[in-house]
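Novice: With chain A held as given, fit chain B onto it using these hints.
Quick note, the sequences are listed as chains A and B, same order. 1485 is the number that our numbering gives to position 181 of the first sequence; each next residue is one higher, with no gaps. 444 is the number that our numbering gives to position 72 of the second sequence; each next residue is one higher, with no gaps.
The set of hints was computed from the structure by calculation and includes no laboratory data. Even glycine gets a Cβ: it sits at the ideal position worked out from N, Cα and C. One should not assume that every hint holds.
Sample of chain B residues facing chain A (criterion: CB under 10 Å; computed from the structure) [as the list claims (entries may be wrong)]:
#1 H382
#2 I383
#3 R388
#4 L389
#5 L403
#6 L407
#7 E415
#8 L416
#9 P423
#10 V427
#11 D447
#12 A464
The calculated label-pair distances, taken between Cβ atoms and stated as ranges, are [what the hints assert, rightly or not]:
#13 L1791/A with V428/B: 35 to 45 Å
#14 E415/B with D1585/A: 33 to 43 Å
#15 R1598/A with K397/B: 49 to 59 Å
#16 K397/B with R1626/A: 21 to 31 Å
List of simulated lysine to any residue pairs, SDA-like, C-alpha gap at most 20 Å [to be verified]:
#17 K1689/A with H426/B
#18 K397/B with V1719/A
#19 K374/B with D1675/A
#20 K1631/A with F460/B
#21 K1631/A with D457/B
#22 K1388/A with L449/B
#23 K1388/A with A452/B
#24 K374/B with A1676/A
#25 K397/B with D1720/A
#26 K1631/A with H463/B
#27 K1388/A with E1400/A
#28 K374/B with Y1674/A
#29 K397/B with G1655/A
#30 K1631/A with F459/B
#31 K1631/A with A464/B
#32 K1388/A with P453/B
#33 K468/B with R1643/A
#34 K1631/A with I1642/A
#35 K1416/A with L1356/A
#36 K1631/A with G458/B
#37 K1631/A with E446/B
#38 K1718/A with Q405/B
#39 K397/B with L407/B
#40 K1689/A with T419/B
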Amino acid sequence: MTLHRLTIHEAHDLLRRREISSVGLTESVLAKMEECDPEVRAFITATPQIALEQARRADKLIAAGDIGPLTGIPVAIKDNICTKGVLTTCGSRILEDFVPPYEATVVERLRKEGVVQVGKANMDEFAMGSSTEYSAFFPSHNPWDTSRVPGGSSGGSAAAVLANEALFALGSDTGGSVRQPAGLCGVVGMKPTYGRVSRYGLIAFASSLDQIGPITKDVTDCALVMNAIAFHDPLDSTSADEPTPDYTSYLEENLAGVVVGVPIEYFAAGLDQGVEERVRDAIQKLADLGAEVREVSLPHERYVVATYFLTSWAEASANLARYDGLKYGLFAPDARNIREAQSKARGRGFGREVKRRIMLGTYALSSGYYDAYYLKAQKVRTLIKEDLDRAFDAGVDVVVGPTSPIVAFGIGEKVDDPLEMYLADLYTIPANLAGLPCISIPCGFHEGLPVGLQIMGRPFAESMVLRVAYAYEQGTDFHLQRPPISL
Amino acid sequence: MKISRSEVEHIADLARLELSEGEIKQLETDLSQILEYVEQLNELDTTDVLPTAHVVVKGDVLREDESRPSLPSEDILSNAPRTQDGFFRVHAIFRKGGR
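If we strip away everything but chain B, and leave its shape as in the complex, we get:
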């Protein structure tokens, strides 16, 4: 599988990774090489094989829906680069006036 430059840029965009020119070139080569390696799995006919969902865990794990204390918000915010009034401060997501 040959991965093109535009595919690398598209995947980087999906993954929210800003890449340098050198990184993009290197990833074109690396991704192509590694995807070619994993394609050996296509030698196997897996039509009737069930995919592994969990190796050991049996069934769903449920707990009582009871409230319990969580971490204080100041502890949670202690690692945040920017906070305001007890919230994480981030860039505006909506424009003024809607849309």
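Chain A on its own, in the form it takes in the complex:
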């Protein structure tokens, strides 16, 4: 049984021709999960019963001729996306017993498409981290080398897809949390334009930056999932009322007429030389495919991490104020008054990293400091966005570079040096600050570990981003390489 190795589009063709059943596909994925998850630890909650029930339902739909591109396809969902009746912990003790009474919009849509939910994927607590080491429960492991991190915060989602414990996954991306783990695992991860995918039912971290995005085995699958999850949702006031194209119709094998911008600031100190070589090779490949490659300058690149810190932490401190131990979440039975009930529940329920960010965010928003910190950061955010606008206005279609300056690092290696770990997000952050669509695709290996190529486009130009990603993928075979544990 090797059905778990299929991509969405491969499995769909076989399902449509009735050569396989969704139950057979799901059983293969669940068997893989049972075999390798004790090592990979991609899931906080596995839901095999729900999966098999949904697979049986999908097979009935297919038998009746009612099949969509995702019908009967097993998916992993990051544990900060609400699933009705299924534990949703957000990687946190404060929500370790939380069972949402409603479905996130994206999950509802996927259910209508007939997907099969195999489980809830591990993540850094409240999506705050780059390795899953800040999960309140356990770290996930990179299937390429289980002594290393899979990246984060959607590390469980990326590891699950790489290990074939799901055909695709949903993650969320606030500063790189879909793309960085996709890069470190060697799979495809997309952060859509801000507003392209509904955030209703996504547990909020930083509301002006958060987006849900797909993690898949190849670019075609990414386009198929985007077709399903990109639409206007009246339940999210920031959801964009823009038409959704058929993203698969933009997948072509040449890049004639496409202008690729390469920021000179990206190739600086801190970028691992092996990563740089793979990325430079990838840029040459884009030129070979017909693209015009141009240098561009993003002069405010060196300020992106500080701007992201202040923006995301301030917003997080406000969003996380809702966890008061009264309406849901961890409860402090020994509290003597309401103030203690809140402080004790929060003190016990939040982990070290979440507390650190709440503290910094509260400080940055506190009386007398707002202008110096949060407002200043929003002004610099404008400058960062204008740098990218200038590149696009000059005719650049996509901006490319590394997804991460380093390959997957060892578990425990950076956990005590938060600043060093944060600085590794420098390439992924600008797409969140400017709200742009951005993908990470595999572009080779360094020391046996995957390197990610990042491709960023204009607002709502997911189609162009996917076109460049697809052309590159078709010209290479990095996306076909899989670690032994996944086979």
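Specialist: Same frame as chain A, now just chain B:
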């Protein structure tokens, strides 16, 4: 920016976080270090720069003011640690006899 112990305690109070002695000490160091890092933004003159309010969304989003069904209260209360008569049960906020 050096953050003092009393500032850490004040922020923790604002954020409603009960912290251990070890956490307070660690946060004194971490907050000072990270705030020092973000102060690099002061190198930039932003006097005439408008702050970003929204990256993509254009204008206000309004919907018709029409009633629609919401979740049943028993579903909403299903995750609450303590409930009573269809309400969340919390500690008393007001003292008997007012004030």
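Novice: Taking the hints in turn, state whether each one holds.
Specialist: The hints, checked one at a time:
no.	hint	in the structure
1	H382	holds, 8 Å
2	I383	holds, 5 Å
3	R388	holds, 4 Å
4	L389	holds, 5 Å
5	L403	holds, 6 Å
6	L407	holds, 7 Å
7	E415	holds, 8 Å
8	L416	holds, 6 Å
9	P423	holds, 4 Å
10	V427	holds, 3 Å
11	D447	holds, 4 Å
12	A464	holds, 8 Å
13	L1791/A with V428/B: 35 to 45 Å	holds, 41 Å
14	E415/B with D1585/A: 33 to 43 Å	holds, 35 Å
15	R1598/A with K397/B: 49 to 59 Å	holds, 51 Å
16	K397/B with R1626/A: 21 to 31 Å	holds, 28 Å
17	K1689/A with H426/B	holds, 11 Å
18	K397/B with V1719/A	holds, 18 Å
19	K374/B with D1675/A	holds, 18 Å
20	K1631/A with F460/B	holds, 6 Å
21	K1631/A with D457/B	holds, 14 Å
22	K1388/A with L449/B	holds, 14 Å
23	K1388/A with A452/B	holds, 16 Å
24	K374/B with A1676/A	holds, 15 Å
25	K397/B with D1720/A	holds, 15 Å
26	K1631/A with H463/B	holds, 12 Å
27	K1388/A with E1400/A	holds, 15 Å
28	K374/B with Y1674/A	holds, 17 Å
29	K397/B with G1655/A	holds, 16 Å
30	K1631/A with F459/B	holds, 10 Å
31	K1631/A with A464/B	holds, 15 Å
32	K1388/A with P453/B	holds, 19 Å
33	K468/B with R1643/A	holds, 18 Å
34	K1631/A with I1642/A	holds, 12 Å
35	K1416/A with L1356/A	holds, 16 Å
36	K1631/A with G458/B	holds, 12 Å
37	K1631/A with E446/B	holds, 12 Å
38	K1718/A with Q405/B	holds, 16 Å
39	K397/B with L407/B	holds, 16 Å
40	K1689/A with T419/B	holds, 17 Å
Comparing the model with each earlier hint shows no violations; every hint is respected.
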